[in-house]
Amino acid sequence: MSVVNPTYLNAFSPVQTIKQPVGSEPASASQFTKQFSSFLSEAMNGLNSDQHTVDGLNQQFAKGELSDVHQLMIASEKASLGLEFTVQVRNKVVEAYQEVMRMQL
Numbered sequence: 001m002s003v004v005n006p007t008y009l010n011a012f013s014p015v016q017t018i019k020q021p022v023g024s025e026p027a028s029a030s031q032f033t034k035q036f037s038s039f040l041s042e043a044m045n046g047l048n049s050d051q052h053t054v055d056g057l058n059q060q061f062a063k064g065e066l067s068d069v070h071q072l073m074i075a076s077e078k079a080s081l082g083l084e085f086t087v088q089v090r091n092k093v094v095e096a097y098q099e100v101m102r103m104q105l
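Note that the UniProt record's numbering numbers the sequence shown so that position 1 is 1, with each residue one more than the last.
Fair warning: there could be bad hints in the mix.
Distance condition first, Cα-Cα at most 20 Å in a straight line; then the derived SDA-like pairs of lysine to any residue [as the list claims (entries may be wrong)]:
(1) Lys78 <-> Asp50
(2) Lys78 <-> Arg90
(3) Lys92 <-> Thr53
(4) Lys78 <-> Gln59
No wet-lab data here; the hints were simulated from the structure.
Kindly produce the complete structure, drawing on both the sequences and the hints.
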């Protein structure tokens with residue numbers, strides 16, 4: 001049984017709602033673009049942070065300062081899965097873009 005950090009998964013949550021104040025006008029396309037951009041930036045920063053953590057743990061392990069190898073393996077797997085997920089999302093976005101470009105008007 002694995003324990004997953006819920007804050008890590010929140011950055012990659014497939015269902016996220018965009019909250020609007022009650023009684024306000026619908027959000028424009030530029031607002032959605034900015035929100036999506038900030039979502040992607042946060043996700044990439046989290047992935048980068050995970051990779052830096054793994055690098056630090058690898059250095060500690062190489063120096064003999066890390067006695068618990070499990071920490072290194074868990075962090076490494078977490079970073080690997082995050083990268084794999086990011087690549088798959090990128091592939092889907094590129095595929096969707098190509099499909100839109102193939103549409104005839």
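Status of the hints after comparison with the structure:
Restraint check: the Cα-Cα separation between Lys78 and Asp50 comes to about 7 Å, which is no more than 20 Å; the hinted pair holds. Taking the CA atoms of Lys78 and Arg90, the gap is near 18 Å; set against the 20 Å cutoff, the hint holds. With a CA separation close to 28 Å, the supplied pair Lys92 and Thr53 exceeds the 20 Å bound. Between Lys78 and Gln59, the direct Cα distance comes to roughly 17 Å. Compliance with the 20 Å bound is thereby established for this hinted pair.
In the structure shown, a violation is registered for the earlier hint numbered 3 alone.
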